[in-house]
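Asks: Each chain, letter by letter, is given below.
Protein chains: 2
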Amino acid sequence: MIENNQQYLIQLGQQAKQASYSLASLTGAEKQALLSQIASSLEANRATIIEANMRDVAMAKDNGLNEAMIDRLLLNDERLSGVIADIDNVINLADPVGTELESQLLDNGLRLSRRRVPLGVIGVIYEARPNVTVDIAVLALKTGNAVILRGGKETLQSNLALSAAIRDALTQQGLPADAVQLIQSADRALVSGLLKLDRYVDMIVPRGGQHLQRLCAEQATIPVILGGIGICHLYADKDADIAKSIDVIANAKVQRPTVCNALDTVLVHESIAEALLPQLYTHLCALGVTFYGCQGAQVIANKLGVAISKATEETYGNEWLALTLGIKVVSDIDTAIEHIRTYSSGHSEGILTDNIHASAHFLNQVDSAAVYVNASTRFTDGGQFGLGAEVAVSTQKLHARGPMGLEALTTYKWIGVGDYTARS
Amino acid sequence: MIENNQQYLIQLGQQAKQASYSLASLTGAEKQALLSQIASSLEANRATIIEANMRDVAMAKDNGLNEAMIDRLLLNDERLSGVIADIDNVINLADPVGTELESQLLDNGLRLSRRRVPLGVIGVIYEARPNVTVDIAVLALKTGNAVILRGGKETLQSNLALSAAIRDALTQQGLPADAVQLIQSADRALVSGLLKLDRYVDMIVPRGGQHLQRLCAEQATIPVILGGIGICHLYADKDADIAKSIDVIANAKVQRPTVCNALDTVLVHESIAEALLPQLYTHLCALGVTFYGCQGAQVIANKLGVAISKATEETYGNEWLALTLGIKVVSDIDTAIEHIRTYSSGHSEGILTDNIHASAHFLNQVDSAAVYVNASTRFTDGGQFGLGAEVAVSTQKLHARGPMGLEALTTYKWIGVGDYTARS
Numbered sequence: 001m002i003e004n005n006q007q008y009l010i011q012l013g014q015q016a017k018q019a020s021y022s023l024a025s026l027t028g029a030e031k032q033a034l035l036s037q038i039a040s041s042l043e044a045n046r047a048t049i050i051e052a053n054m055r056d057v058a059m060a061k062d063n064g065l066n067e068a069m070i071d072r073l074l075l076n077d078e079r080l081s082g083v084i085a086d087i088d089n090v091i092n093l094a095d096p097v098g099t100e101l102e103s104q105l106l107d108n109g110l111r112l113s114r115r116r117v118p119l120g121v122i123g124v125i126y127e128a129r130p131n132v133t134v135d136i137a138v139l140a141l142k143t144g145n146a147v148i149l150r151g152g153k154e155t156l157q158s159n160l161a162l163s164a165a166i167r168d169a170l171t172q173q174g175l176p177a178d179a180v181q182l183i184q185s186a187d188r189a190l191v192s193g194l195l196k197l198d199r200y201v202d203m204i205v206p207r208g209g210q211h212l213q214r215l216c217a218e219q220a221t222i223p224v225i226l227g228g229i230g231i232c233h234l235y236a237d238k239d240a241d242i243a244k245s246i247d248v249i250a251n252a253k254v255q256r257p258t259v260c261n262a263l264d265t266v267l268v269h270e271s272i273a274e275a276l277l278p279q280l281y282t283h284l285c286a287l288g289v290t291f292y293g294c295q296g297a298q299v300i301a302n303k304l305g306v307a308i309s310k311a312t313e314e315t316y317g318n319e320w321l322a323l324t325l326g327i328k329v330v331s332d333i334d335t336a337i338e339h340i341r342t343y344s345s346g347h348s349e350g351i352l353t354d355n356i357h358a359s360a361h362f363l364n365q366v367d368s369a370a371v372y373v374n375a376s377t378r379f380t381d382g383g384q385f386g387l388g389a390e391v392a393v394s395t396q397k398l399h400a401r402g403p404m405g406l407e408a409l410t411t412y413k414w415i416g417v418g419d420y421t422a423r424s
Numbered sequence: 001m002i003e004n005n006q007q008y009l010i011q012l013g014q015q016a017k018q019a020s021y022s023l024a025s026l027t028g029a030e031k032q033a034l035l036s037q038i039a040s041s042l043e044a045n046r047a048t049i050i051e052a053n054m055r056d057v058a059m060a061k062d063n064g065l066n067e068a069m070i071d072r073l074l075l076n077d078e079r080l081s082g083v084i085a086d087i088d089n090v091i092n093l094a095d096p097v098g099t100e101l102e103s104q105l106l107d108n109g110l111r112l113s114r115r116r117v118p119l120g121v122i123g124v125i126y127e128a129r130p131n132v133t134v135d136i137a138v139l140a141l142k143t144g145n146a147v148i149l150r151g152g153k154e155t156l157q158s159n160l161a162l163s164a165a166i167r168d169a170l171t172q173q174g175l176p177a178d179a180v181q182l183i184q185s186a187d188r189a190l191v192s193g194l195l196k197l198d199r200y201v202d203m204i205v206p207r208g209g210q211h212l213q214r215l216c217a218e219q220a221t222i223p224v225i226l227g228g229i230g231i232c233h234l235y236a237d238k239d240a241d242i243a244k245s246i247d248v249i250a251n252a253k254v255q256r257p258t259v260c261n262a263l264d265t266v267l268v269h270e271s272i273a274e275a276l277l278p279q280l281y282t283h284l285c286a287l288g289v290t291f292y293g294c295q296g297a298q299v300i301a302n303k304l305g306v307a308i309s310k311a312t313e314e315t316y317g318n319e320w321l322a323l324t325l326g327i328k329v330v331s332d333i334d335t336a337i338e339h340i341r342t343y344s345s346g347h348s349e350g351i352l353t354d355n356i357h358a359s360a361h362f363l364n365q366v367d368s369a370a371v372y373v374n375a376s377t378r379f380t381d382g383g384q385f386g387l388g389a390e391v392a393v394s395t396q397k398l399h400a401r402g403p404m405g406l407e408a409l410t411t412y413k414w415i416g417v418g419d420y421t422a423r424s
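Order-wise, the sequence lines are chains R and F.
Throughout the first sequence, residue numbering follows full-length UniProt numbering, covering 1 to 424 in sequence.
Throughout the second sequence, residue numbering follows full-length UniProt numbering, covering 1 to 424 in sequence.
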């Protein structure tokens, strides 16, 4: 059985690699035509796709999944229309492939340039969101890459129907269907196997929680882009504008609490804690937020009669993904930075201050993918950053950091053209 | 013992990370002053360093190491002067840190830029070449990074003396000595431990053979830059200029056969094999080259009375690092490309041709770090490419590909500055 798994994966890998060679020479217009064909094919297969999704939903209900989970995997008429409409946005994005980054005539006689090219084959592991199947396939093809997809088992029927429609479109454009392949079994051993397929797969993007990220870091022999875990901080400095700071903190916490760039912990300089915290508690309580705090934060909350739990090492290391907020009073900016270095996942942090020295120090010393001055952590997002599309949000430092756009799906090769030139 | 190793590594990691925060805010001039101090310190400790190296050499002789190995680890007066002189070259290079890659005012009110910053902490694993200790430390410090070094056990005494001199210089500049740390034990378990130190180390660069590269790919939980293995090809197309091609092939094979960009296999279009191969054999035989070939190549060699072994799957997958050359006659350009895809390590390949269509097809379809038209594979080198310095030659596609200069030791962070700006 394990041997069969490996044979199956090697076959997927070989087919993907072979398909990637065809994709590498497509022009931008050819790739635009392919994406249009995919949109048409999804439209033509609408009934089949929605019927497949209904089977996934029925199975999920039978298995007792909760409402939130079922909502995540639901793909109704309206949502499918949204997925198809999003393809148009990608069609209109600039294609980075083929650009020559630099071109110079070297003293050794070589004309040297760096040409941007597709990565080749990308493996993506994700959870039970069928829209990701289309999003990722479209972004990969837009940049000339083949993909091997491994979605959540709860959406296997939906993903089969979606990928079949995409593969139809590839065939209709005279391209190899294996440019998009879905792993068609829920066997978990296939994930571990995929992570070691370094002969064929050039990059792994895991879109999932901490457990999946760790699994990939530990098992992959292929470069992995870790990300999507955001333990995010805002530090209200002694020179912060208190009323405006409360608005930014509330926005970062409340505007969409279930996503990775939502705020997890507020650090407050002790000299403004007495002024800021009572207003913050009142404001956020009314919005349904609950609190964990250090002793100083608890004392102030207790005076107001606001419920607050005791923060621990563990709570400071939580990504809440909910209307929960950690609060800590700190003695100075360096203590705040030290806290961030200890607990942050390297995603998004910000300082709230009117002091130019404090802001420069914070920007310099905080080492996260996105560092803000007087802005909500909620801005860390491909759309907000103007990238046009978002493959993932990387929290590692190599290749791509923060929101990843189309360019993160490409690499470059050095092109050297001589006239039968030898090295002296 | 294993627990002690882990404690030791965690301590190194914490100290390196802490040191990296101090380095992150240095200006270019401060880093130049540091490198000058390192050059002075190596000069001041010349006697100690050379004496330590003599102990390494004596030990190597006692252990029966061969002449080539001993020559590699030798650091005499002249070579140390060369190492010190090389620091001046690095001092004069432009410092990429602090550059803002783009700066734009977004519609959401945020002023957004990507600021180039040091990676943080770099782990480097290398073999018995003491000059690497200085080279890598200097390149890392130039870009504001801390390093943890693990050199070959044969040069431990030399490396201790060199790193002590570098750490002195750091202290004299008021910087933390732990910006440069050497693993002071030959225990192999420390390599595996270092590869899993992801809490503190941001990138691993293994400078060594296939075994080390594979170990890193399999065990590391930290992003690794694989590279330095070059199974390199030249394809002589049907439209190649035969006399000029022979010169380029000879250069690629003979000019320095022991390095990764030296040629391993020549692929020859069948329509020119009868014309090219006899001249190639004659020319290369005189230079001491021995051959492995396919049947077609053997037939031509036999006619000339040139000794040639039978090439196998295995020999085509060899990096020779010696005056040995594989030869294969192919029926067309796509067969040549297919051979390269099967056996190449993704380092350097080239086509020899006067045909513009063949060259474009080859450049497009061959997926290696460096792809050449009418040029020797020997050009793949940081110095030749004008990078000023070379950290390693990457054969993977993420972060850096091909010769890695100073920029490959940096990453970027997104900086967003608002006016207490919330996301709508």
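Keep in mind the hints are simulated off the structure, nothing from the lab.
Incorrect hints may have been included.
Just so you know, same-sequence chains aren't split out, so a pair can sit in one copy or run between any two.
Cut-off 20 Å, straight-line C-alpha distance, at most; resulting in silico cross-link-like pairs (EDC-like, lysine to aspartate or glutamate) [claimed, not checked]:
| hint | residue 1 | residue 2 |
| --- | --- | --- |
| 1 | K244 | D419 |
| 2 | K238 | E67 |
| 3 | K61 | E270 |
| 4 | K413 | D178 |
| 5 | K413 | D381 |
Asks: Starting from the hint list further up, note which numbers the structure goes against and sort them upward.
Replies: Checked against the structure, the hints that fail are numbers 2, 3, 4, while the rest are satisfied.
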